[in-house]
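*Asks:* Read off the chains here:
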Amino acid sequence: MSAHSHVEGQLPHEPEKATLEGRNKILGFWLFLGAEVVLFGTLFSAFLALRDKVGDGNPTADELFNLSTVAIATFILLTSSLTSVFATQALHAGKKNAMIGWLIVTVLFGLAFLGLEIYEFAEYVHEGHGFTTSAFSSSFYTLVGFHGAHVAFGVLWIGLIIGQVLKKGLTVVTAPKVYVSGLYWHFIDVVWVFIFTVVYLMGKVG
Amino acid sequence: MAHAHAHTVKRYKGLMDWLTTVDHKKIGILYLIAGGLFFLVGGLEAIMIRIQLWKPLNNFVSADTFNELITMHGTTMIFLAAMPMLFALMNAVIPLQIGARDVAFPFLNALGFWTFFFGGVLLNVSWFTGGAPDAGWTSYVPLAGSTYSSEYGVDYYVIGLQIAGIGTLIGGINFLVTIINMRAPGMTFMRMPMFTWAIFITSALILFAFPALTVGLVALMFDRLFDANFFNVANGGNAVLWEHIFWIFGHPEVYILILPAFGIISEVISTFSRKRLFGYSSMVFATVLIGFLGFMVWAHHMFTTGLGPVANALFSIATMLIAVPTGIKIFNWLFTMWGGSIKFTSANLFAVGFIPTFVMGGVTGVMLAAAPADFQYHDSYFVVAHFHYVIVGGLILGIFAGLHYWWPKMFGRMLNETLGKLTFWTFFIGFHMTFLIQHFLGLLGMPRRIYTYLDGLGFNEMNLISTIGAFLMGLGTIFFITNIIVTAVSGKKAAGDAWEDGRTLEWTIPSPAPEYNFAQTPLVRGYDAYWKEKMDGHKEMTPAEPLGSIHMPSPSILPLFMSIGLFIAGFGFMYHNYFVGGGGLALTFLCMLIRSLKDDHGFHIEPDELHDKGVKA
Amino acid sequence: MAAVNHSATEETKKRHKHEGPQKHIVAYIMSLVLTLIAFAAVIAGEVNTSFIIFILLMMAGLQVFVQMGFWMHMKDKGHGFATISILGGIVIAFTMIIMAEYWVWW
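Chains as they are written, first to last, in my numbering: chain A, 1 to 206; chain B, 207 to 823; chain C, 824 to 929.
The set of hints was computed from the structure by calculation and includes no laboratory data.
The beta carbon of each residue, even a glycine, is placed where N, CA and C say it ideally should be.
Misleading hints may appear alongside valid ones.
Said to hold, decoys possible - Listed next, with one range per pair, are the computed distances between beta-carbon atoms:
#	chain 1	residue 1	chain 2	residue 2	range
1	B	763	A	10	29 to 39 Å
2	B	395	A	123	20 to 30 Å
3	B	666	A	52	35 to 45 Å
4	B	800	A	152	15 to 25 Å
5	B	395	A	10	48 to 58 Å
6	B	646	A	152	51 to 61 Å
7	B	516	A	166	53 to 63 Å
8	A	123	B	798	27 to 37 Å
9	A	118	B	353	49 to 59 Å
10	A	166	B	752	34 to 44 Å
11	A	69	B	346	58 to 68 Å
Assemble the whole structure, with the sequences as input and the hints as a guide.
*Replies:* Dropping the structure here:
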């Protein structure tokens, strides 16, 4: 395993794919994402089956959801996905500091998204839409909450990678980690596209 | 680059070696031991079930205990015995068959084993803490919900399987990447051995099926522990939703069980017929088709729930379709044997015994697939007979075949043939005694999952025969264990090409396989790579690389601790002690952190050290 | 398929033209537009519900295409198994959605 890039700044082109370990990690991660598609697919299908079971006297989706909040959250996450692309491009150009900069921006946007979501959930609970309220609410919080948990994990993960790159530099060992975390981050934005469409927008339409 | 790293590497011996190993061969042995032990537990549960049922109105165990027994028997056998023993063979054989030195992710491989192990332990701890799960291995709601299963049993099921399931998913990803990225030069996909193809497709099934189970278990856990309403009808939940989610996992699961067995049969039959597998391309195609169709038939477990005639018809037809590629396989095995020079070793007895037995199971499957007929068969012993025919008569006979076939490669010794034949005949006869008669019990109207039955219904003699058969199977198992012990003590040492007719790469290296597998990665020139070389007059494979320093991954204790962390967390959440639950998760995350931050440089084995360092069991 | 690293970095650096951010920014703008159309369809609200839902799903589908194709490089060479993996997952997720819509009843 070549853990050393003997000439500083002379990383191979696409350093994440330069080693067998790197290629294995990238393929393994894509396969994991395939499994995640099924995981979220199952959560979505449970939500779709239960989304009309609001229960008497409880707030409906139309009453609860505020499209401005959702739009802002969408914009934040989408932009963070773009900054994550810039980070990967900096990785390929061998520009460590630019890459770290973009990763930090990505993490900040991710935290902003989480903050907004926590605020949103708190509002809902206040309005009578709690985890245990109804089948609709349980499936809502499980689906959207799982996505939020994925965002939180991603924030933590990228944060740790920033730390690792600062300490060990951009090498053929750290490069796959950056690349794979980028794939992860894009994926959770893709999932969000379905969440805002199926949960929020379709919730408003009825 | 002879000694590239100046650091010292810890090499462990004894117990620590086994607790920290990331070597696929040792992990395979660990899976075999753990899976074997759980097989005995599941077998004991089966014997107790059969004792309770040998006569009407028996009171060997109470009704509640009986429900725990059938639940744990099914859960243990499928998740903790059959799948791990398949993983044992996968680990032992796949890297060798593709000419690789290890799997893609050795650390994750170890993690997969330990999570399975602790998930299984957690599940079985329930016997001692006031009650095992008792809602069936399918855990249907509302029975499994907190209203009707208010004790901890089902919590053990939900959490134990989630933990074990993580291990399985990890294993699936590992073998997919290994097979895609790490085949020896010249081994194209269409030159891979059939067992490798089988594991490849099985791993894809695992990849897509286990997330569905995970979501179902999480939803049930949320309902039970946190008052969610997925399946709580009073608050809008739905019971059929559980069935759908469970069976969308559950049906692919049974193909996950049987496809590897199909792979084993292909290897064993062609080797002991001294003949190339008939119809290789169609075998590959059939395996892929079975894998795909396996995801399209789940509602045949739900024909009587009220899905309606359109759904029932669709699933009926899809289910019957699977018989086609399966039939192709059966014929290909028969045509392989036809005109071959057949040697009836124990391994081959099991493989040949598999064929008619599995066909019997398969045809009752087609009977069950006819939805209107299923309204009569559903929840009767006819179903029990069918699935035991395919799982025990199919999978378990396949595992026995694989174990007898690859034992020399794993342990360096030949299993005793006389004991092997005794194992086969007692188990085979016992099996048919137990389960053939259950078809008729079902047709007579005996329901399944009942702890006793009345006298005078015509069930008595058949149940008695079934019970005697179970004891015979137990005897067969004892013969096998005896064989293991006798072989360990005084078994004949095995050559590299242990059966002298090896066709695939694992037989080109010493038995047991050396730590590094291949001194030099071989060059593959065709399907049945080793046989091809033999037919061209070569004694060995042509190497694809010069002799050089071999890089090996370092052992690690972290997978063990990560699994212990999940184990502790499981108990914490189950008993609503969030301090313990959080603590367990923290341990797991800490280990993940350590793993990520500390680079594993591995160590090297130098050419002068290549003296056939086999794995000692 | 031995574990051989890529050849000398100097040579590859000269040959490789780093792709600029342009394609990705275009993908970003397309995603924003698709999102806006989806939101607008709901806010306008006068139209037939099934039609709105159709638009929403189309916008979502296109956006996924854009994001996975460009940002996750799925349209690029060397992503065969990645594509199979995601498509496989989508096929199964799709059957589960059919299940949820048609085969769950009270």
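*Asks:* Now tell me if each hint is right for this structure.
*Replies:* Against the structure, the hints come out as follows:
1. Here the CB-CB span from residue 763 of chain B to residue 10 of chain A is close to 37 Å, well matched to the stated 29 to 39 Å.
2. Hint check: residue 395 of chain B to residue 123 of chain A, Cβ distance near 54 Å, so the stated range 20 to 30 Å is violated.
3. About 51 Å separates the C-beta atoms of residue 666 of chain B and residue 52 of chain A, a value inconsistent with the hinted range of 35 to 45 Å.
4. Checked against the hint of 15 to 25 Å, the pair residue 800 of chain B and residue 152 of chain A passes, with Cβ atoms roughly 21 Å apart.
5. In this structure, residue 395 of chain B and residue 10 of chain A break the distance hint of 48 to 58 Å, their C-beta atoms being roughly 36 Å apart.
6. At about 57 Å, the beta-carbon gap between residue 646 of chain B and residue 152 of chain A stays in the expected band of 51 to 61 Å.
7. A hinted range of 53 to 63 Å for the beta carbons of residue 516 of chain B and residue 166 of chain A is consistent with their spacing of about 60 Å.
8. Taken as a hint, the range 27 to 37 Å holds for the pair residue 123 of chain A and residue 798 of chain B, whose Cβ atoms sit roughly 33 Å apart.
9. With their beta carbons about 32 Å apart, residue 118 of chain A and residue 353 of chain B fall outside the hinted range of 49 to 59 Å.
10. Checked against the given bound of 34 to 44 Å, the beta carbons of residue 166 of chain A and residue 752 of chain B, roughly 39 Å apart, stay inside it.
11. Taken as a hint, the range 58 to 68 Å is violated for the pair residue 69 of chain A and residue 346 of chain B, whose Cβ atoms sit roughly 39 Å apart.
Violation of the numbered hints given earlier is confined to hints 2, 3, 5, 9, 11; the remaining hints are satisfied by the structure.
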